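K.L.:
Work out the full structure, taking the sequences as your base and the hints as a guide.
Chains as they are written, first to last, in the numbering used here: chain F, 110 to 509; chain S, 4 to 171.
Keep in mind the hints are simulated off the structure, nothing from the lab. Please read these numbers as outputs of a predicted model, since none were measured by experiment. Treat the hints with care, since some could be wrong.
Short, incomplete list of chain F residues facing chain S, as computed with Cβ under 8 Å [to be verified]:
#1 Y324
#2 A326
#3 H375
Some chain S residues near chain F, calculated using beta-carbon distances under 7 Å [what the hints assert, rightly or not]:
#4 L13
#5 P14
#6 S94
#7 A96
#8 R100
#9 T114
#10 L116
#11 T129
Glycine is no exception: its CB is placed at the ideal position from the N, C-alpha and C atoms.
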Amino acid sequence: MGASPDWGRAADYDDVSGRVAIVGIGETAYTKASGRTAREIGAEAAERAIADAGLEPADVDGLTYNGAFADFDVAAFHEHFGTSHEIWSSPWGGGMSWAGTAPYLAAQAIGAGEARHVLNVFPVAWATQRASMTGGPGEVHAAQSLKQNLEVPFGWFPQPVYFATIMRRHMIEFGTTEEQFGAVAVACRRHANLNPDAVMHGKPMSMADYLASPYLADPLRLFDSCLISDGGAAYVTTSIERARDLPRPPVVVQGVAEGLSGSGTHWSQQADFTSTPQVFSAPAAFGTAGLGPADVDVLTVYDPFTVVSLMQIEDMGFCPKGEAGRFVEGDTLFHDAGKLPFNTHGGLLSHAYVLGIAHVVEVVEQLRGTAAAQVPNCEVGVYGGYTGAHASTLILSRDR
Amino acid sequence: MAITRADFPLPDVDDSLTAGFFAAPARGELCIPRCEECGRWCWYPPETQPPHEARGPAGGRRSRPEEQQVCPACEGPLVWTRTAGRARLFSWAVVQRAFLPAFADMVPFVTALVALEEDPAVRIVTYVVDAVPGSLHGGMPLEVVFRPLRFPTVPDRQVVVPMFRPVA
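P.N.:
Okay, here's the thing in structure tokens:
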């Protein structure tokens, strides 16, 4: 291995390997515009996760959510469940990269005696809200002054345009082809067609369909892009000892790490334009887990665009840098035949755009053996989270 | 968090962090902040505090003190410095879909990242003009041109900005 690149770093995390497990999961319906609020969706996901864990709402004494959205915080929890007990909470959970690091927060809170059962919730209603957002999910970016002055006026906005240029650069540097990006989209759609909960269930897509889909920003096509959805999910984390008393088979947290890009959300300025902060987080997480990429039976990664999947597959060490295009060709990513079963629920591209929370739930389902597109003999699963500025690596396993 | 500035998506030429960039075209110049002490080109203009510390709890816009910007490497003073106006094409996209109403009449257009000749680590977001998209290739030499940027959604207002074209 060469010297670690200098454009980012791994966050300083303690080793929590083997200390906590995910014991309950809950999902809402995943849909186009539903007319529901994110808060309602969050409450439903929470209710289902708590029930799945065999717990009562009053047993939940820890809550992690995304502070920037704050759709399902402690006040919302009490309002929905009619409870009033003390709840430890952190706004640094929820979805995206934090869907992968929330179990670390839970482990720290549980280890410190602050909480016993920690719920992580993330709902989104962007399909319903889309019309009122400037640039859709790009709105939060448009509000930043450097982007407002140096990027948006020059047409480099929103995310499909950023990632079109990242895609182009991946093609320039590594010779990646359109069909190789298409292989990711086709594999995700294949899995969505095996999953009745997926928004794109019943809508098959071939490579020819992919290549016929219109460009949003050449080289990026409509079918390289995630959906816009309403939906949410939640999961409950507790100590490994407590987990063994609960009804579901524990899914054990073996490693968690977070990588940070020095250029933050200014993608345009990241020195290594075709990499993600997975280059910092994945080695750290695999290190604490005592595992490597070859041990992974199922991988889900935050996949807003096909190029983000290729970059994370490279950056997590499943193939050398620049070779993900060739790596994903054929059946590599298929749940039943591939050497790296990938986004087996359909991903953000074809399952639902709920920002990674369903990716973690899918890994749990795979390790329980209850996934719609079940990977045979699945023992180790990994979630790769991503925001641009951050990446997370969450390594889960069956209780061995 | 909807954008309320009436001239959006034109740049806010008075924003102190980037005012030097938008003042330079009137002099026919492409200017980038450079450290007077160590000579380093500093792009994007460094914010006085790291963004994650400067951001308020609600992600609101922070106040921007009109103080001297300093080099993140040596803390020397940064000065908007003229460049030769040459760059190489780092990456680009041919935007087909107008993601904001302001761009509806402009599509398709080429938005690009270009690497400054003086320091390729300086990556400028710009338009590539006077070129057929199919003729573009990674690393091709470009030169700056100054063109007015106008949007039909912002009547009676324009800002002259740096764009790039292939070197003849």
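K.L.:
Hint by hint, note whether the structure agrees.
P.N.:
Structure-based check of each hint:
1. Proximity of Y324/F to chain S holds as hinted, the smallest CB-CB distance being about 5 Å (cut-off 8 Å).
2. Hint on A326/F holds. Least Cβ distance to chain S is approximately 4 Å, under the 8 Å limit.
3. Look at H375/F: its Cβ gets to within about 6 Å of chain S, closer than 8 Å, so that hint holds up.
4. Restraint check, L13/S versus chain F: the minimum CB separation of about 6 Å is within 7 Å; hint holds.
5. A hinted interface residue such as P14/S counts as satisfied when its beta carbon comes closer than 7 Å to some beta carbon of chain F; here the least separation is about 4 Å, so the hint holds.
6. Of the supplied interface hints, the one on S94/S holds, with its beta-carbon coming within about 4 Å of a beta-carbon of chain F, less than 7 Å.
7. Checking A96/S against chain F by beta carbon gives a least distance of about 4 Å; that is within 7 Å, so the hint holds.
8. A hinted interface residue such as R100/S counts as satisfied when its beta carbon comes closer than 7 Å to some beta carbon of chain F; here the least separation is about 5 Å, so the hint holds.
9. About 4 Å separates the beta-carbon of T114/S from the nearest beta-carbon of chain F, less than 7 Å, and the hint is met.
10. Satisfaction of the interface hint for L116/S is found here, the shortest Cβ-Cβ separation to chain F being roughly 6 Å, below the 7 Å cut-off.
11. At about 5 Å, the closest approach between the beta carbon of T129/S and any beta carbon in chain F falls short of 7 Å, and the interface hint on this residue holds.
The structure is consistent with each of the numbered hints, conforming to all of them.
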